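Turn these sequences into a full structure, and let the hints steer you where they fit.
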Amino acid sequence: MLDRRNKTLTTISILILALIMLPLVLVVITSFNNESSISLPIKGFTFSWYANIFQEPDFITGFETSLVVALIASGLALLIGIPAVYALTRYHLQHASWFQSFFLSPTLIPEIVIGFALYQAVVINLRTPVFISLIIGHFLLCLPYVIRLITASMLLMDSHIEEAGWICGCSPQKGFFLIVLPNIKTSIIAAFMMCFINSFNNIPISLFMNGPSITMLPPAILNYLQNNYDPTVSAISVLLMVFTALMMFLVEKAIGIKKITE
Amino acid sequence: MNRKSAVWLLVPAFMGVLVFTFFPLIEIAIPTFQNRNGFFLLYAQFLKSSYNWQVIGRTFLIAFVTVMIVLILGLPISLWIGRQKTAVRQVLNLLILFPMLTNAVVRNFAWIIILGHDGIINKFLLALHLIKSPLDILYTDAAIIIGSVYLFLPIMINSLVGSVAELNVEIEEAAAILGSNPWHTLFKVVIPQLAPGILTGCILVFAGSMTAYTTPQILGGNRHLVLSTLIYQQAMTLGNWKNASVIALILIIISAFSMWIMRRVSHHLDRRPSNA
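So the sequence lines, in the order shown, correspond to chains A and B. Take the working numbering: the last position of the first sequence gets the number 257, and nothing is skipped along the way. Take the working numbering: the last position of the second sequence gets the number 303, and nothing is skipped along the way.
None of these hints come from the bench; they were simulated from the model. Treat the numbers as computed from the prediction; the structure is a model and nothing was measured. Ideal Cβ placement from N, Cα and C applies to all residues, glycine included. One or more of the hints may lead you astray.
To be verified - Using C-beta positions, here's what the derived DEER-type ranges look like:
| hint | chain 1 | residue 1 | chain 2 | residue 2 | range |
| --- | --- | --- | --- | --- | --- |
| 1 | A | 248 | B | 265 | 46 to 52 Å |
| 2 | A | 240 | B | 75 | 46 to 52 Å |
| 3 | B | 150 | A | 241 | 31 to 37 Å |
| 4 | A | 240 | B | 113 | 17 to 23 Å |
| 5 | A | 96 | B | 98 | 26 to 32 Å |
| 6 | A | 222 | B | 208 | 53 to 59 Å |
| 7 | A | 56 | B | 115 | 39 to 45 Å |
| 8 | A | 56 | B | 284 | 36 to 42 Å |
| 9 | B | 63 | A | 152 | 55 to 61 Å |
| 10 | A | 99 | B | 284 | 16 to 22 Å |
Written as structure tokens, this is what we have:
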């Protein structure tokens, strides 16, 4: 039978798992190489490539910009997305499912096209500052996660709890903040984390909106990789992996990692 | 609160998507149709070139082969992970999730180390005297496929493990008692039950690898363009905005159409009573 005791299945699965983990392990190893090109096996051990990251202004400012944009865009998506989901799930509006699909529609447009169209319409034609345009692009990236995750938990929440609050004299506004929000707290955190991680890692949208004064981290690494081939890329990759692990740890502590993959 | 005020809660999200997703698309679409010599002239010109057909063909080929490999690799490991004890499964899920949440630049860069001229595969083959000079693996269609498989395999596994965990093992035991061998059970009992999860995963991976930018950019180089890298090249390198818009709209149409076809096929194949 095909279960965890089946030897063939176990062998194949461990090989596939190794295939998934090994490339990332190789990146970690190359980051300590004391040669100036990325190669294996490494000849000697050094930390100097990590120091080199801080010599690249694009990496430092890129990290800061990526962080700020991801935080603002995720916050904005929650601020705009939660009321919309509340209206869609509580008021039995006509065409509610149409609105739902409309809010999810940015996921159907390839990200590279969203980036390109926004660049032309918002940056070039409307002369919107690049930073604002970045926020807009990343907001579009985040909104579908908010809509999907919050809708799921709003539908699970018993609306009678809220109604009980109204009967006891609680105003709808107060009820929303004191009853609804605490009940969907977990999915708000989950949505925020998904938004943040996806915005922080995004390339296609950020790529178009890399103005002369603004650099995002992933395009900066891509750019560096195309012009240099030294272990600095490995080193910053390792730092990004540590960052990912840290995020996962935070999610696990706050709500349990399972919540963000559902 | 009445329904009227509920509508106001929808307005910001509605305007956000309308103004920043649909208006820009319309804005880039309009100039592509404004020609004295015909409405679809630019599209006809684009589709006349055999080079562009090569790019379209490559885009499809990469997405198709990627889905197939991701499915073949993803199915066994999902069965295995889905049937571990809860504690082991949680650890394995973390190992699958970690690459999923790691930046795509990092994940593609890892394959430069493996596939490059100076990479592990070439060094290994040279050391064994199997080849005399390094093979060109990097900057080929194969490299893009390998990178896409690596990028999307965790997504497939993640979407399958959940369905595997829900399977009722007793059904397979019943099949075994009735004389079915493991292979027969796999194809006639397990896979049909997983069909909805498999199809969802395939649609995700197909659409994702078809429109991905980072992987073909890093692993394909300049001579192996797909539609997404062609858009960027036309717009940012060559400054040909109209052409980039034409390709952008073609990419939207092709990817939407492919997803629609795959959804139709999946409804057709999914024979559960709820979908009948």
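Consistency of the hints with the structure:
1. Under the hint 46 to 52 Å, the C-beta atoms of residue 248 of chain A and residue 265 of chain B, about 49 Å apart, fit the expected range.
2. At about 50 Å, the beta-carbon gap between residue 240 of chain A and residue 75 of chain B stays in the expected band of 46 to 52 Å.
3. The given range of 31 to 37 Å is respected by residue 150 of chain B and residue 241 of chain A, whose C-beta atoms sit roughly 33 Å from each other.
4. Here the CB-CB span from residue 240 of chain A to residue 113 of chain B is close to 22 Å, well matched to the stated 17 to 23 Å.
5. Our hint of 26 to 32 Å for residue 96 of chain A and residue 98 of chain B holds, since their Cβ atoms are close to 27 Å apart.
6. The beta-carbon spacing between residue 222 of chain A and residue 208 of chain B, approximately 56 Å, falls within the hinted interval of 53 to 59 Å.
7. Between residue 56 of chain A and residue 115 of chain B the beta carbons are some 43 Å apart, a value that agrees with the proposed interval 39 to 45 Å.
8. Checked against the given bound of 36 to 42 Å, the beta carbons of residue 56 of chain A and residue 284 of chain B, roughly 41 Å apart, stay inside it.
9. Hint check: residue 63 of chain B to residue 152 of chain A, Cβ distance near 59 Å, so the stated range 55 to 61 Å holds.
10. Taking 16 to 22 Å as the suggested C-beta distance range, the pair residue 99 of chain A and residue 284 of chain B conforms, at roughly 18 Å.
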